[in-house]
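Asker: Here are the chains, one letter per residue:
Protein chains: 2
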Amino acid sequence: MAVTGSVDERLTAEDAAFIRDLGNQLRVDGIRASTKAGSGHPTSSMSASDLLAVLITRHLHYDWQNPRLDNNDHLIFSKGHASPLVYALFKACGAIDDAELMTYRMHGSRLQGHPTPILPWVDVATGSLGQGMPIAVGVALAGRAVDRLPFHVWALCGDSEMAEGSIWEGLDKASHYGLSNFTAIVDVNRLGQRGPTELEWNLAAYQGRVEAFGCRALVIDGHDIEQIDDALGRARAERERPTVVLARTIKGKGFSEIEDKDGWHGKALPPDMAERAIAELGGIRDLRVDTPRPQAGDSAVCRGGAGVTISLPAYSKDDKVATRKAYGDALVAMGARADVVVLDGEVSNSTHADEFKKAYPDRFFEMFIAEQQLVAATVGMSVRHLVPFASTFAAFFSRAYDFVRMAGVSGANIRLSGSHAGCEIGADGPSQMALEDLASMRAIHTSTVLYPSDPVSTAKLVARMAETDGIVYLRTTRGAYPTLYDNDESFEVGGSKVLRRGDADTVTLIGAGVTLHTCLDAADRLGAEGIRCRVIDLYSVKPVDTATLREAVRDTGGNFVIVEDHYPQGGLAAAVLEALAGDENRPRLTHLAVRELPGSGTTAELMAAAGIDADAIVAAVRATSAAGER
Amino acid sequence: MAVTGSVDERLTAEDAAFIRDLGNQLRVDGIRASTKAGSGHPTSSMSASDLLAVLITRHLHYDWQNPRLDNNDHLIFSKGHASPLVYALFKACGAIDDAELMTYRMHGSRLQGHPTPILPWVDVATGSLGQGMPIAVGVALAGRAVDRLPFHVWALCGDSEMAEGSIWEGLDKASHYGLSNFTAIVDVNRLGQRGPTELEWNLAAYQGRVEAFGCRALVIDGHDIEQIDDALGRARAERERPTVVLARTIKGKGFSEIEDKDGWHGKALPPDMAERAIAELGGIRDLRVDTPRPQAGDSAVCRGGAGVTISLPAYSKDDKVATRKAYGDALVAMGARADVVVLDGEVSNSTHADEFKKAYPDRFFEMFIAEQQLVAATVGMSVRHLVPFASTFAAFFSRAYDFVRMAGVSGANIRLSGSHAGCEIGADGPSQMALEDLASMRAIHTSTVLYPSDPVSTAKLVARMAETDGIVYLRTTRGAYPTLYDNDESFEVGGSKVLRRGDADTVTLIGAGVTLHTCLDAADRLGAEGIRCRVIDLYSVKPVDTATLREAVRDTGGNFVIVEDHYPQGGLAAAVLEALAGDENRPRLTHLAVRELPGSGTTAELMAAAGIDADAIVAAVRATSAAGER
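Protein sequences, first through last, are from chains Y and F. Residue numbering for the first sequence is 5 to 634, as defined by our numbering. Residue numbering for the second sequence is 5 to 634, as defined by our numbering.
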């Protein structure tokens, strides 16, 4: 038994009856799966079951056998804890079978506690509230402004997550970009984890907020099939604004013992209760849904991606060019790839992403001062298989750290460029200085962390970023420093460069970014005193070039000086120590890092105060050498 | 020449003339300071100068000679880049002199590029947009609900930062808690850093949003002294709701060459332009403001703080108690201190902060699912010299990482408890697992990082948290494990415990939290095979107990196995390696950590899969021992 439909057809009484049944099947299956697992969120699934039953039967245009079709709609479960519903829905659509459904939350099952993209029908991992919806906005932006495809993007939200600021960043950008191809469905079931939500069933309050943020609000009874159908149909037909369907629902709907009762969040029903619930819901069914098909026709998006020849900018050894500027130059070169898109958080004249904007205005997206949405939209672009680069001050990516974390869980492919790293920035003071970004970004699953020192290496690494999967973070520097490399030098993820090397080297200086320059200065001065230093440009902080480090341990007696414009924890030194920690021969480290809170001042003053300038390195090496001679 | 005033007195023409002059003095002084410094944001200061001139002359109740008076109003510059205005204002109020003003942005000066609390009149560091205002909401909440004092809290916001979701989290909580003692003044100057803001001068759009979020909106011309005075007077007199003054202003106001012109954000005027600007603004003045005094009377807040006797909960060695539960138990004990307040992000039944809520409902604050506001309010409580504890899942503090970073810059004293750390949580899956928190929190300036393994150590460390300045982070575990310690055992920040020790120890096992238990299991099994293990509970991850680690290096030949429920980067192992990196004798490490993305499963399954369970430790030690014997 199946019903197909679309926005053009009127909902018949027969359709409505089927959908009501389907809603209860989704409830029953969610209960069965979670009770079997012994955990999960059945009640949060039951409130949204009717909404989703209508959606998948009549409004979601999706080919479950071809989840990568470009014309498929996108359905993102921002309330990821409603995973019993997600998987019950996948079963109803024929994507998984009942046996797999019953593996919910088991080790090795694809059906994890919260949805992740190991399932081909899941775009992004959710479960950290307030993220799925802003990411869905990014998918809709890609669909509207880059792909120019007719797909619609649906996000199912919980009411608790409407308290997250990121939700409002998302709606703001959805309306700013006129994303009428985006619909959020908010399951207003009144109850959060530990009690009532802030606004409970004050639908008027939600409506006022949504409308004030420039979206159309449709307030409905989320268990009235006709109202749901009407709202979703209007949402898909909308051509001006994004739509937010505000659905008044009942948590635990359909099982009278727990309907609208506090204390049932995130709890599987015990088997006896599950049995009574299933009976009350009409027993186990096996309805199959024939979801409306996506628009036919040539849906292959031809972007001209990896095969395109890129002409990276070239620099002269006489040039002093800030790495942030080289980032902008390289972005323009990368723009030859039609799949490269760039996003920025209202600082593009500082990050130099504005160079790309000038060259490719149609593929540049201004996210204004909203870093969570900046990263969310970037993840959304990656869902559409674009190659997105996002930039802001390195310090301000910390605003979106949870989004970066979840992008790692999603296996998203995004590139982040953080400018103005370290105390090097000078007068603006510590609020603008990233001094913990190497630590935080290194600890992200799937991350690559790059920190170039000159324009040539920056440009080469920007090209590498496009080819590298996962979360690729580039740390750039405010000031302009000498060009160190020839334009034909190559730079690899996981590589390093040895800039000073000799048979008589007694100490290894390791820097990256601005501290590579202070290391080189120090090495030259020490060389004049007869102290021979090896100098390594550790531009790939993660992964790190273990072979070159091992060679340096061997050649210089493990005598390492690591210098970083970063707090002492978790940065460059930790990367080296962790890499060599199991070796028989391990370095003995002198570690120069920013140990006190910097203030304002010139770059030279602040680097001197932090003890990471050439003077400090010279003094540290002299002390080490003197100790070695004693 | 001085004008005093208050909300009760009508603004005379003479007052208005004085204030107009004062506004121009603030502009001139901001220009002088930034031109001298060669950097800064004079134009962003000039747009807000009239607003602040009215505020400090007639509505801010503040004793500049006694900035710690409890009845003083609070004034927080959420748009921290308007620091030329901040310092010009301090001069006009007699807090600093002109000579100090002219040290703006110089190395060693208190007048940094963005305001920081090294100045006694600054509550918190700002400069990361969208933070000062939510923190001000926390200060207002403390004033209303804890201090019960008549002070008013004023936040000056930029229009660009209204795009930050955190602003809306702040307004939402301000209205939820009915904080009529809170006023945000938004300087809508239409221009951001790189061009027009998203909403430009669409004051109606701002008004709609502000009102939808439950605040009173007053739309005014921000250069009309009478309108400003009326709005601020009404804001201070308001008794129901928070007020947001939406002031239409002109960037660069008062200097016709740059008024409302793009391209002048964050730029000091060159000396010749500064000269013309100062002339157009009527030259240099030396007006002094006699700010209205705070309400007299007994303003000493008697809280009963550090001196109170705390009876921590006791546990039996037979108890299996989750550390998150012990956190809740200990919070209740800490509640005997009237200055202890607790905040939670709608998961208090999971973090067990709900234990405190039951005991001290008046000092418990629900922040719902809004982690940025959770931390912001916690910082606000610390501004009021309370002892705030905030809790959510450890993974979700990543949502507020920029707030934690800035709290470090502010030197705020806050305590954060993150529950559900690591893959130990089991079935909920990776979105709920903190696996990067040790790395990110260790890298925060002023941070202390604690990770207890049993209820006794947890309770003792919660007591230590209250005594410890800075950002104190506690990592707690979902599951219940054996009680390891006697109730009279003491635990210090920077300490550790050696739980297995013998003269014949050949290897040191280091764990914390759940991995201490797997280390103990492994040590017992290895002991039965004749491999003697030292076992260290490294509950203080930062600072780390270097002396005990050194002793273990010496006693066990540097043979270390570190086991952590965390990604390999920047966590427990990095803490140990960094601490010993300069030593002559350094450990050789076998490092067991979570290297692949966990899925769902039981705790045992996931810890086995990650290779951090007792089996994995036993195998690792056997391999090490075998290698050592070869």
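Treat the hints with care, as some may be off.
[Claimed, not checked] Distance condition first, Cα-Cα at most 27 Å in a straight line; then the derived DSS-like pairs of lysine-lysine:
{"hint": "1", "chain 1": "Y", "residue 1": "K324", "chain 2": "F", "residue 2": "K271"}
{"hint": "2", "chain 1": "Y", "residue 1": "K265", "chain 2": "Y", "residue 2": "K40"}
{"hint": "3", "chain 1": "F", "residue 1": "K362", "chain 2": "Y", "residue 2": "K265"}
{"hint": "4", "chain 1": "Y", "residue 1": "K362", "chain 2": "F", "residue 2": "K265"}
It should be emphasised that the hints constitute simulated quantities derived from the structure, not laboratory data.
Asker: Could you run down the list of hints and mark each one as holding or not?
Answerer: Status of each hint after checking the structure:
1. Y:K324 <-> F:K271: With a Cα-Cα distance of about 22 Å, the restraint between K324 (chain Y) and K271 (chain F) holds, given a limit of 27 Å.
2. Y:K265 <-> Y:K40: 22 Å, holds
3. F:K362 <-> Y:K265: Measuring from Cα to Cα gives roughly 20 Å; hence the hint holds.
4. Y:K362 <-> F:K265: 20 Å, holds
In this structure, none of the earlier numbered hints is contradicted; all agree with it.
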